[in-house]
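Colleague: Sequence:
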Amino acid sequence: MGCIESWSRTNPDLQVWFLVRCKRLMDEDGLLRKLLQHYPNLRLALLQPEAVLKNTPILGVFNRRFKDCKWQAAHLSDFLRMALLWKFGGFYSDTDTVCIKSVSHLHNVVGLTNDRSLNSAVCHFDKGHELPRDIMKRIRKTYDAGNYFSNILAVGKKIKEACGITHNKELITLPGNDTCQGVTVMPSEAFFPLNGRGNSKLYFQPKKAHDFKQTFNSSYTLHLAYTWSTREEIVPVGNGTLYEKAIQLYSPITYKAIMEKHIDFF
560 MGCIESWSRT
570 NPDLQVWFLV
580 RCKRLMDEDG
590 LLRKLLQHYP
600 NLRLALLQPE
610 AVLKNTPILG
620 VFNRRFKDCK
630 WQAAHLSDFL
640 RMALLWKFGG
650 FYSDTDTVCI
660 KSVSHLHNVV
670 GLTNDRSLNS
680 AVCHFDKGHE
690 LPRDIMKRIR
700 KTYDAGNYFS
710 NILAVGKKIK
720 EACGITHNKE
730 LITLPGNDTC
740 QGVTVMPSEA
750 FFPLNGRGNS
760 KLYFQPKKAH
770 DFKQTFNSSY
780 TLHLAYTWST
790 REEIVPVGNG
800 TLYEKAIQLY
810 SPITYKAIME
820 KHIDFF
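Count along the sequence shown starting at 1, add 559, and that's the number in this note's numbering.
Bear in mind the hints are in silico, worked out from the structure with no lab data behind them.
Wrong hints could be hidden among the right ones.
As the list claims (entries may be wrong) - Estimated spans, in silico, between C-beta atoms of each pair:
(1) Lys760 / Arg592: 31 to 37 Å
(2) Leu584 / Gly687: 30 to 36 Å
(3) Thr701 / His769: 20 to 26 Å
C-beta: ideal position from N, C-alpha, C; glycine also.
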C-alpha cells in the first residue's frame, strides 16, 4: 500500500488508478479503505485483460501464445501497460515504487535504469502515442513465452529505434533528448536511483535516513526492484533506512498502520 499512497499523496491533481485483476481484495486491517477515504484522487478498478487488449496488436499473442508462458504475471503486466498507455494515456508505475515528487508536469517520458538500459516500470505516454503501439507490434513479432526478458528486450529495442541508435552504450547520450518520436529519455536518477543488484541494498542499510534528501534530490520515484530478493537479513523498523524514511514521508497512513500493528521488520 505504500506505493499506492505515495502516488496519491504526491500527485493530488492527478487521478491515481489502482488496477487489480481479482474481484475480491483482502483488506482485513482496513488500510485500503482508509486510503480510498483519505485520498479523493485514488480510484480502485477491476482490470479485465481481454477487454484491455481488444483491438491492440498483441491480442493474438495473448490468445494463442501466452498460455505457455512461465512468467504469466510479469508478461501480462507488460502487455497491459502498453495497451492501457496507448488507449488511454497517462503515467504507469509498477507497485514496487515510492513516488517522492509530483510527476504531473512530465509527458511522454521513459527512464534509464543505468547508463546501459531502459525500463518501462515507470513511464508516461499521451493517449494514442505511436511508441506504445509500435512496442506492441514488436512484442507480437518477437514474443517468446519461455524468456522472462522477452518483452523488456522488445521495449528497449523499439525505443532505441525511435531514438535512432543501435547500441546500449549510446543510451548515455539520450537523457533530455526529445527526438525519440517525441519521447524524452530521463536520466537514471529520475525514476531508478540506486537501481541494480549492486546498489539496491542501500535502501535497507541502517542509519542512512539523514542522507535521504541529498541522495534523492533529483528523483521522482524510488524503484525497489531486486531489493526483496537480494537482502541477506531482516531489517527492523526504526533502523533509520532510506526505505523507511520514504514511507514515513510519502506514505504516512501506511507507516502508521505498520507501527500500530507492531510489525517489527520490512
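Colleague: A separate judgement is required for each hint: does it hold in the structure or not?
Modeller: Right, here's what the structure says about each hint:
Look at Lys760 against Arg592: about 34 Å separates their beta carbons, and that is inside 31 to 37 Å. Separation of Leu584 from Gly687 is about 31 Å and conforms to the stated range, judged on CB atoms against 30 to 36 Å. About 46 Å separates the C-beta atoms of Thr701 and His769, a value inconsistent with the hinted range of 20 to 26 Å.
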